[in-house]
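S.K.: Fit chain B to the supplied structure of chain R, relying on the hints for placement.
Number of protein chains: 2
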Amino acid sequence: MFEQLGLIGCGLMGGSFALALKQAGLVKRVVGYSKSPTTTERARQLGIIDVEAPSALLAVSGADLVLIAVPVAASEATFKSIKHLVNANMLIMDVGSTKRDVVDAARSALGPRSGSFVPAHPITGKEVSGAEHACADLYAGKQVILTPTESTLTVQLGKAVALWTALGCSVRQMSPDAHDAAFAAVSHLPHLLAFALIGSISSQEQARDFLSLAGPGFRDFTRIAASDPVMWRDIMMANRQELLAQTALFKNTLASLESMISSGNSEALEGVLQLASKARGRWHMTAQKTAK
Amino acid sequence: MFEQLGLIGCGLMGGSFALALKQAGLVKRVVGYSKSPTTTERARQLGIIDVEAPSALLAVSGADLVLIAVPVAASEATFKSIKHLVNANMLIMDVGSTKRDVVDAARSALGPRSGSFVPAHPITGKEVSGAEHACADLYAGKQVILTPTESTLTVQLGKAVALWTALGCSVRQMSPDAHDAAFAAVSHLPHLLAFALIGSISSQEQARDFLSLAGPGFRDFTRIAASDPVMWRDIMMANRQELLAQTALFKNTLASLESMISSGNSEALEGVLQLASKARGRWHMTAQKTAK
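Quick note, the sequences are listed as chains R and B, same order.
When you line the first sequence up against the numbering used here, it's residues 1 to 292, in that order.
When you line the second sequence up against the numbering used here, it's residues 1 to 292, in that order.
Same shape as in the complex, but just chain R:
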């Protein structure tokens, strides 16, 4: 049970975290700050936060739990702005989709105080953003990846594991680099491909006709292309090395499929499609199996 959550960023992810904590009875008071005062105000009106703070530093004042739910590119500035109030009794987490850059930002901004920071990536989201879409069950039944480093305080790591578990999440730990390599493959690259497909179709003269014919397969495939462009710009830039490596591997596979198609090699094409279809058929979201 926490006394006070300092919430920095009252949008979809941060707002849902506050609501989930409140619903689970894990926090007494939520003090929130967003860069945009209208977001902070809306979050209070929606009952997401109890008190509006005029700065990130003041949101952290008196908090024993801090969640930083800002775009990953704003992590370092956020750590800097709160560093004077960070102490060893405080659990600080983020919810960013990349971890190496956030870990580096924490170390650089907080120095030895970065031990209070437990980097976290809950695997959830919506293609819409903002406090008005926050909901208490965004995290339940989902996976949360924690990427502690050698300097992370064990006591805070333990609190983080207990907290997410209490919210109904299945918690895993790995290194920031292993995290970023995996998510380049299963998240950042799919987003890049979905954005690229929409971009490619939109740039064609017949775009409107084409899109009017698209069905449920297209709808699901491109759902992630409606995601927040600024957030995804930051993620792609932050994890560019791993993302470009995965893109190169993907292009090799695509090129070999193209060559089977253009040369009429049905048998080879079927072989690759069979393997992919089986692999996808076998796959199930981990947290779906372990939770609920």
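Mixed in with the good hints there might be a few duds.
One copy or two, either will do: identical chains are not told apart, so a pair holds if it fits within one copy or between any two.
Unchecked claim - List of simulated lysine-lysine pairs, BS3-like, C-alpha gap at most 30 Å: (1) K278 x K35; (2) K278 x K251; (3) K22 x K80; (4) K126 x K251; (5) K278 x K126; (6) K126 x K159; (7) K28 x K83; (8) K35 x K83; (9) K80 x K278; (10) K251 x K22; (11) K28 x K126; (12) K80 x K251; (13) K251 x K83.
Treat the hints as calculated values from the structure; they're not laboratory data.
M.R.: Structure of chain B alone, referenced to chain R:
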């Protein structure tokens, strides 16, 4: 109202068509044939067909409506096997995802009798196949594209439009070539990309770890990669020219995104992501708006 449906192919698409017609009271009797006798038998046990036919020709005997729901690569052989019973009072349709190859197959196999054939592509499906997944509402509220040619009989085209409309579909007409170009962009390429992504991830040593971390975005993006590999091999081969043209355009867009990422050009990257996100946000499935 039709007297007798001759159903060639009693799988998901064909079986659902028979169930939908029965539910709407549009057909008195369904005679079915599948290449595999066990499929035909299961379709009868499931109430999809009333009578099992031992051949495609015998399924057509006495029918005033014929649906060919076989893989597109089997179209020509199917047309040939039934041509002696095809007449001008019969409406013949298919449900294939490509149209130029099916139109050519009908003309080549049926000659002047191909006027009874109204090429049809209902934009629906599931990532599972087989009679046991057939359901009466697979077509309701969906788009159906008809691609008549100059030799299509007006009377049969009129019956086709009325039939699909009665099943709750929104019906559009276009040329086979326009159809194939559009579906290369909004269906065949997305499938190719989804298969390629799964193939690329699966070929990596850490595939199992990576996949265990994938979340809802990955789930939706790759859902179509679980589709029937043989069917998709045939579609990709049948529409290879348009598919490879769309793949080339896609690769250009992807390459320009990669170059923005590798050169750190955040502004340009954000511009492309903004446009794509807006385009995807504006898009809605046409039939969803017009039906129900």
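S.K.: Determine for every hint whether it applies to the structure shown.
M.R.: Status of each hint after checking the structure:
In this homomeric assembly, K278 and K35 come within 30 Å of each other (Cα to Cα) only across copies, at 24 Å, whereas the closest approach inside a single copy is 46 Å. Proximity of K278 to K251 under the C-alpha cut-off of 30 Å is found in both arrangements, the shortest distances being 21 Å within a copy and 26 Å between copies. In this assembly of identical chains, the alpha carbons of K22 and K80 lie at most 30 Å apart only when taken from the same copy (28 Å versus 68 Å across copies). Taking CA atoms no more than 30 Å apart as the test, K126 paired with K251 passes in both settings, with 28 Å inside one copy and 27 Å between copies.
Taking the closest pair of Cα atoms, K278 and K126 come within 30 Å of each other both inside a single copy (28 Å) and across two copies (16 Å). In the homo-oligomer, the alpha carbons of K126 and K159 lie at most 30 Å apart inside one protomer (27 Å), although the nearest pairing across protomers, at 44 Å, exceeds that limit. For a Cα distance limit of 30 Å, the shortest separation of K28 from K83 inside one copy, 23 Å, qualifies, whereas the shortest one across copies, 77 Å, does not. Proximity of K35 to K83 under the C-alpha cut-off of 30 Å is restricted to the intra-copy arrangement: shortest distance 17 Å within a copy versus 71 Å between copies.
Taking CA atoms no more than 30 Å apart as the test, K80 paired with K278 passes in neither setting, with 48 Å inside one copy and 34 Å between copies. Proximity of K251 to K22 under the C-alpha cut-off of 30 Å is found in neither arrangement, the shortest distances being 46 Å within a copy and 47 Å between copies. When the C-alpha separation of K28 and K126 is checked against a cutoff of 30 Å, the pair qualifies only within one copy, where the shortest distance is 27 Å, while the shortest distance between copies is 47 Å. For the homomeric pair K80 and K251, neither the shortest alpha-carbon distance inside one copy (40 Å) nor that between copies (41 Å) is at most 30 Å.
Within a single copy, K251 and K83 get their C-alpha atoms no closer than 43 Å, and across copies no closer than 45 Å, so neither meets the 30 Å cut-off.
Of the numbered hints given earlier, the model fails hints 9, 10, 12, 13; all others are met.
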